[in-house]
Each structure stands twice: as C-alpha cells, then as structure tokens.
Amino acid sequence: MAAEERCVLQDKYGNRFEALARAYAAGQELEFEAELDELLRVRERSLFVEIGRLSRDLNAALERFTFDSRIVDLAEKDVPDARQRLAHVLTMTDEAAHRTMDLVEGACPLAERTRAAAAAIAPLWDEFRARRIEVRDFRSMLDQIDRFLAEVQVDAERIRSNLSEVLLAQGYQDLTGQIIRSVMHLVEEVEQALGNLVRLSNTGDGGGHAAPHASADAATSEDGSRRGYGPPVPGVAHGTVVTGQQDVDSLLSGLGL
Amino acid sequence: MSRENTKFLVVDDFSTMRRIVKNLLHDLGYSNVTEADDGKTALPMLQSGNFEFLITDWNMPGMPGIDLLRAVRADAKLAKLPVLMLTAEAKREQIVTAAQAGCNGYVIKPFTAVTLKEKLDKIFDALGTPP
Numbered sequence: 001m002a003a004e005e006r007c008v009l010q011d012k013y014g015n016r017f018e019a020l021a022r023a024y025a026a027g028q029e030l031e032f033e034a035e036l037d038e039l040l041r042v043r044e045r046s047l048f049v050e051i052g053r054l055s056r057d058l059n060a061a062l063e064r065f066t067f068d069s070r071i072v073d074l075a076e077k078d079v080p081d082a083r084q085r086l087a088h089v090l091t092m093t094d095e096a097a098h099r100t101m102d103l104v105e106g107a108c109p110l111a112e113r114t115r116a117a118a119a120a121i122a123p124l125w126d127e128f129r130a131r132r133i134e135v136r137d138f139r140s141m142l143d144q145i146d147r148f149l150a151e152v153q154v155d156a157e158r159i160r161s162n163l164s165e166v167l168l169a170q171g172y173q174d175l176t177g178q179i180i181r182s183v184m185h186l187v188e189e190v191e192q193a194l195g196n197l198v199r200l201s202n203t204g205d206g207g208g209h210a211a212p213h214a215s216a217d218a219a220t221s222e223d224g225s226r227r228g229y230g231p232p233v234p235g236v237a238h239g240t241v242v243t244g245q246q247d248v249d250s251l252l253s254g255l256g257l
Numbered sequence: 001m002s003r004e005n006t007k008f009l010v011v012d013d014f015s016t017m018r019r020i021v022k023n024l025l026h027d028l029g030y031s032n033v034t035e036a037d038d039g040k041t042a043l044p045m046l047q048s049g050n051f052e053f054l055i056t057d058w059n060m061p062g063m064p065g066i067d068l069l070r071a072v073r074a075d076a077k078l079a080k081l082p083v084l085m086l087t088a089e090a091k092r093e094q095i096v097t098a099a100q101a102g103c104n105g106y107v108i109k110p111f112t113a114v115t116l117k118e119k120l121d122k123i124f125d126a127l128g129t130p131p
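Sequence order for the protein chains is Z and R.
Read in the working numbering, the first sequence has 199 at position 199, and its numbers run on one by one without any break.
Read in the working numbering, the second sequence has 90 at position 90, and its numbers run on one by one without any break.
Hints may be right or wrong, so weigh each one.
Said to hold, decoys possible - Below, computed lysine-lysine pairings styled on DSBU-like, alpha-carbon distance capped at 35 Å:
#	chain 1	residue 1	chain 2	residue 2
1	R	K40	Z	K77
2	Z	K77	R	K91
3	R	K91	R	K77
4	R	K40	R	K117
5	R	K22	R	K91
6	R	K80	R	K40
The set of hints was computed from the structure by calculation and includes no laboratory data.
Extracted from the complex, chain Z is given alone in its bound form (with noise of 0.2 Å):
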C-alpha cells in the first residue's frame, strides 16, 4: 500500500480504530460497540458523498443527451423547415409585388385615358365658355361630353377598385413577417445551441449549460396553440390545416356559428 493511500485511511478511520482496539483490549464493550457504530457512521458518510457525486453526473449526462437530441432535432427538422419558410415568404413578397404591378398598370391606362378624354373636350369647352363656338363643334363637344361622363364613371370604378386590392395586396408585410419572425427565434435557439456546443467541446462537460434551450422548446410547444403558430407553409407540417374561409365557415357552422 502506497504511503500516500495509508496516510489517507489513518486520517479517516486512524482515531475510531484505534479506540475500538483499546476498548477491545480493555474488554469494555459498551464502549466498544459505540466506537463500532461510530466507525459505521464514517463509512455511511463518505458511502452518501460517492451517491451524490454520481447523481450529479448521472444529471449532467441526462441534460447532455437532452441537449444533443435538440441539435438533431434543429440540424434535421427546424433548420430545413426554416429554408422551406423562407422560400415561402420569397414567393409571396414575389406574388404580392406583382399582384401590385398588374393592378397598377390596368390602373394607370385608365386614369391616362381619362386625362386624354378631358384634354379633347377642354377646347371645345373654353370656346363654348368664350360663347364662340360653332354649332357642329357644339354638338360634338355634347357626343364627346356623354361619352366622357359614361366612360369616367366605369375608368374610376375600375381604378378605385384596383387601389383597394392593392392595398389587400400589402397584406402579405404581416403573413411574411409572422414567418420570419418564426425563423428569428430558431435563428436565436442555433445560436444558443452552438454557443453550448463550444463550451462543451471546450470544458468537456454539458452540466448545468444545456437548459435554456430545453425550456424554451417546452415553452413553444405548450403555448403554441395559445400563441399561435403563424401562417401555414406549404410543405411544413402544421396538423389539420383549414385551406380557405369556405373551409372556416363550413366548420363553424357545424359548430353553430
């Protein structure tokens, strides 16, 4: 045995043995089996410090393993799941800029044909103002004049209706913007896993470092439905989704609404 080793068990027992041996030699057993219990009670002690220690580790690995199957999850599910959102937000802000143009351009001949129509009877009218105005030209600013109040009242229709569907059309700012802000927070969450990821490889030791993300994860699913989950995206699974308000009323009318 090691001196060192020695040195260590006649600090522990040393005293205890030493006064069991004598009160075995004295034959004084009272004494004698409270030195034993006395010896147990040390043995017990250091038995709870050794359960501790392993309890501990046993904690840490759990959180560990918790902690890894999180960056599996992210690398497998939430990472390609985030590209498929932001690919869907790159085809609505494509569709809605578009949306806008169409309507803006069968918008703008339309209002162009108006200003031209007025310009054509606005000689007409200052000769007709000035009372010198030649009675064929008089009747062909009136021919001129019906078709003008006929046509600019359909041309304004058209236009007032195309600039409130341009204004739906902005709709897609808040549906793209709840999406992104969705990839925000995974965005946050991998920062955080491979923030952990580096303490880990540098200390080799996941204890106690792998709870943020756990409890935000919990915290997502638990109140997803109270929060909300954002618009659904094509090719990411959401569940039962509702395709469309048809679909919204059919179910609530079966609901009674």
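Assemble chain R onto chain Z, guided by the hints.
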C-alpha cells in the same frame, strides 16, 4: 344605433394590417375605427372606451388574440361585445377553440374585402343591429 356609427377597435401587431383593415372598414362606411397593437394594450382600451366591435388578430406578442377574447368574455362589462378574429392561424383545433371561447366570426388571412363585409354583416344581422 346604426351600423355606420359603430365604434371599432382593430387589434393587430402589424401596422400594415391595421391600416388595411381600417381602410377597408372606411370603404364599407365604418369611420369610427381605433387601433391597438396587441391584447395587452387593447384590453384597458376596451374596458374604458365604449367600443362596440372588436376585430383582433391571434398571433401577437404580449397578449395573443385568444387570451384577449377570453378576457373580454370574462369581463361582465364586455362579455357581449362582438368579436371577429382576423388571423392567419389555420389549424382546425384553433378555430374550434376560438368558437368555444366565444368569438362571433373567424376570417382567415389572406382575406378579401367581400369576405370581411360578409362576416361583419352576418354578425350585425345576428345582433339585430339595423343597417
């Protein structure tokens, strides 16, 4: 009370959507429209503001729309306030949850001006508010 004079509160965290809804309501003849950006801001406004109609989004930071709806139904003074959910939340169970929590209508985004008008009319008809 006629429909046109109805005092609306529009709650959405995206200002663009609030502007859209406000503009559409104006087009439909409703000019008394106030905005709030989430449930937490909206609730005290509702409690003190004599609003007659609530249009709310679901997914908002702070207090989400479903919590606002529940808070409204739990408040004796507001319990009868008509509430229209206007949201992109599309899970069937969420729509059922909103119906059970007492919403009067549910419009899914993206929506059209016609849909908004239909749902408002339906709610007003059910309340017996004269056009």
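Here's how the hints hold up against the structure:
{"no.": "1", "hint": "R:K40 / Z:K77", "result": "holds (33 Å)"}
{"no.": "2", "hint": "Z:K77 / R:K91", "result": "holds (20 Å)"}
{"no.": "3", "hint": "R:K91 / R:K77", "result": "holds (30 Å)"}
{"no.": "4", "hint": "R:K40 / R:K117", "result": "holds (27 Å)"}
{"no.": "5", "hint": "R:K22 / R:K91", "result": "holds (26 Å)"}
{"no.": "6", "hint": "R:K80 / R:K40", "result": "holds (19 Å)"}
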